[in-house]
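For reference, the chains in residue letters:
Protein chains: 2
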Amino acid sequence: MTVTLADVAARAQVSPATVSRVLNGNYPVAASTRERVLRAVDELDYVLNGPASALAAATSDLVGILVNDIADPFFGIMAGAIQSEIGGPGGRAGGERLAVVCNTGGSPERELTYLTLLQRQRAAAVILTGGAIENEAHVSAVAAKLRKLADAGTRVVLCGRPPAPADTDAVALTFDNRGGGRRLTEHLIGLGHRRLGYIAGPEERTTTRHRLEGHRAALAAHGIEDDPRRTVHGRYDRRSGYEATLELLRREPDLTAIVAANDTVALGACAALRDSGLRIPGDVSVAGFDDLPFSIDAVPALTTVRLPLAEAGARAGRIAMSREEPPPGGIATVGGELMVRGSTGAPRP
Amino acid sequence: MTVTLADVAARAQVSPATVSRVLNGNYPVAASTRERVLRAVDELDYVLNGPASALAAATSDLVGILVNDIADPFFGIMAGAIQSEIGGPGGRAGGERLAVVCNTGGSPERELTYLTLLQRQRAAAVILTGGAIENEAHVSAVAAKLRKLADAGTRVVLCGRPPAPADTDAVALTFDNRGGGRRLTEHLIGLGHRRLGYIAGPEERTTTRHRLEGHRAALAAHGIEDDPRRTVHGRYDRRSGYEATLELLRREPDLTAIVAANDTVALGACAALRDSGLRIPGDVSVAGFDDLPFSIDAVPALTTVRLPLAEAGARAGRIAMSREEPPPGGIATVGGELMVRGSTGAPRP
DNA sequence: AGCACCGCAGCAAGCGCTTTCTATCCGGAA
DNA sequence: TTCCGGATAGAAAGCGCTTGCTGCGGTGCT
Chain A
870 MTVTLADVAA
880 RAQVSPATVS
890 RVLNGNYPVA
900 ASTRERVLRA
910 VDELDYVLNG
920 PASALAAATS
930 DLVGILVNDI
940 ADPFFGIMAG
950 AIQSEIGGPG
960 GRAGGERLAV
970 VCNTGGSPER
980 ELTYLTLLQR
990 QRAAAVILTG
1000 GAIENEAHVS
1010 AVAAKLRKLA
1020 DAGTRVVLCG
1030 RPPAPADTDA
1040 VALTFDNRGG
1050 GRRLTEHLIG
1060 LGHRRLGYIA
1070 GPEERTTTRH
1080 RLEGHRAALA
1090 AHGIEDDPRR
1100 TVHGRYDRRS
1110 GYEATLELLR
1120 REPDLTAIVA
1130 ANDTVALGAC
1140 AALRDSGLRI
1150 PGDVSVAGFD
1160 DLPFSIDAVP
1170 ALTTVRLPLA
1180 EAGARAGRIA
1190 MSREEPPPGG
1200 IATVGGELMV
1210 RGSTGAPRP
Chain B
870 MTVTLADVAA
880 RAQVSPATVS
890 RVLNGNYPVA
900 ASTRERVLRA
910 VDELDYVLNG
920 PASALAAATS
930 DLVGILVNDI
940 ADPFFGIMAG
950 AIQSEIGGPG
960 GRAGGERLAV
970 VCNTGGSPER
980 ELTYLTLLQR
990 QRAAAVILTG
1000 GAIENEAHVS
1010 AVAAKLRKLA
1020 DAGTRVVLCG
1030 RPPAPADTDA
1040 VALTFDNRGG
1050 GRRLTEHLIG
1060 LGHRRLGYIA
1070 GPEERTTTRH
1080 RLEGHRAALA
1090 AHGIEDDPRR
1100 TVHGRYDRRS
1110 GYEATLELLR
1120 REPDLTAIVA
1130 ANDTVALGAC
1140 AALRDSGLRI
1150 PGDVSVAGFD
1160 DLPFSIDAVP
1170 ALTTVRLPLA
1180 EAGARAGRIA
1190 MSREEPPPGG
1200 IATVGGELMV
1210 RGSTGAPRP
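Chains as they are written, first to last, in the working numbering: chain A, 870 to 1218; chain B, 870 to 1218.
Take these hints with a grain of salt, some might be off.
As the list claims (entries may be wrong) - Beta-carbon label-pair distances, calculated as ranges: (1) G1146/A to D1152/B: 21 to 27 Å; (2) M870/B to T902/A: 32 to 38 Å; (3) E1193/A to R1175/B: 57 to 63 Å.
Everything labelled a hint here was simulated from the structure, so no lab data went into it. Backbone N, C-alpha and C fix where the C-beta goes; we use that ideal spot for every residue, glycine too.
The whole structure should be built from the sequences, with the hints applied where relevant.
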């Protein structure tokens, strides 16, 4: 029914071994033979059996990419960049790699499940993107998995994630969330703000914690008391930003600035502010994080911290494919750039 | 080195066959035996070898999802919904399916390449999302591939795509782009607009053509001449919307409304209008398409056509997993809902 | 008491490919 | 002319798993 290597071999009048070698191009085959084989492949419309090949060669050409939310451009941009780098040449049979994008939805269980599934597929590489969950049991479970993957020859790269334990052999490209958060808040303080609300992401996530720490560091550095009532936790989505803003306003109506965990949350905050009859930045300044494409289209355009998502993703992809040297020590920090735009201004006097 | 089925069998004192059956749960195994095997699996930390299993069983648990642009929430939302449906129960070994999200970038070649790669992996199902490319050679090449996939037992579902030739056996969930486009433009006409600009997507794509046809049908139905100078083609991104708007304004400064190919393009159009000193909708009304999450946060909020992306994706996923009956005839049309918001209003008199 | 059967476990034959090792053919060196 | 080595091609042994078929006790029936 389906065409196999043997069929091609028969038609080209060579042995299956030769066909395999032509297809993998890693063994000398006479040009004339090669051509004959290629013609047979073409005529028969032969497609290699991936699983069989993976089994025999003990490697596959799948690359796993774990993301927290595939509908979020933050991850989409990274995933796209990674994928564009892993497809290229540099491997077996045409060098085609298949990216497996796994949507964990932020759930620790699913993260682990996907890691197992990838291990089961004998993935060539695995790239974990976005913040990690901070839960001792889970962190060590993930570390154990990563170690196992590495043992099985799977290259592991973290993109936008804090480093894993060194013995996992995982390369980490970390975003400087702390530094970005700090610069952002300092920008606001420089503008004269003293009463700033902060809408944080979900607790137990490194990204959330680091950005918040940066914010607090800025406050502390300028002698501003950090009233815990000015911080609200929520999800990384618009709705959450909307509700958190209302809550913040209820608690402290005379806030002059709101810093959001990310751009999406900031957008929700803007909506809540507008619905409350407040002007941006006239009454309240708003700042986001990430600089997703839509942020510049907000009205007013969002002041935020630009993270080089695509660049980081591309680099992670290259490292995963061994087409670029890992950074020394296996860890590199990727900085963010403060983008000052219309949504922040001096507070009303 | 790595643990195999045989190791588990040895430890549980049963034959490999029994272990396999316990793991696949499709053959009667005595409870006590099952338990013993499961314990061994656990103690040995055994992970099934996917490729080997796929080879022997002639099926894999990979599901391919083709998208045009993974960084675009339009696709991200569908992909996420699909993935949440295919992970569930209903299959072998824990029912875990691995979603392979492939980013074609809108390139015909890559689309074909990915289809081949998926065929090579013997994917359990393949779901193609978004509009198709309208190029005779490519369409028939894709149809041929789909046919081959179907022959190999891969279920094929199109989500948000026009139906493929009937002999491909592909189930299609099509968006009513034409109807949505028509209603959107009729809304504008109803408001009193007579000079409407249209920013279309890339040529040779079904989505582009259908939306444009709907627009034109509305114009025709109301006796409005369709001046070709009022239509500009571009990509489905913000930048393109920005530039196209400037071009439209140059050609015809007194347009009173601009209909964009999608929300992202509409956002770019809004930015261009603002930069040109025009008010929305005071001077020019703007409408989008899709109703992506950020559209409601635009200022003013975008009038658009809401496409039930998540619902359609979920349904496609279920159909692909045979957990839902395909629609009669294998084709279903999914309608869009007109969302009238602040970006459209009556034209200045 | 004898027989058919059922429930459960094992045997063994692959699934389609890769790869080591071996065989062959050839040109040129001796 | 004989012999040796390089360049190619083939034979065959798996890779780790699934599954059709066989085998073996024990239950229920007559």
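Against the structure, the hints:
1. G1146/A to D1152/B: 21 to 27 Å: holds, 25 Å
2. M870/B to T902/A: 32 to 38 Å: Because 36 Å falls inside the window, the suggested range holds.
3. E1193/A to R1175/B: 57 to 63 Å: With Cβ atoms ~43 Å apart, the hint is violated.
Going down the numbered hints, you'll see the structure goes against just number 3.
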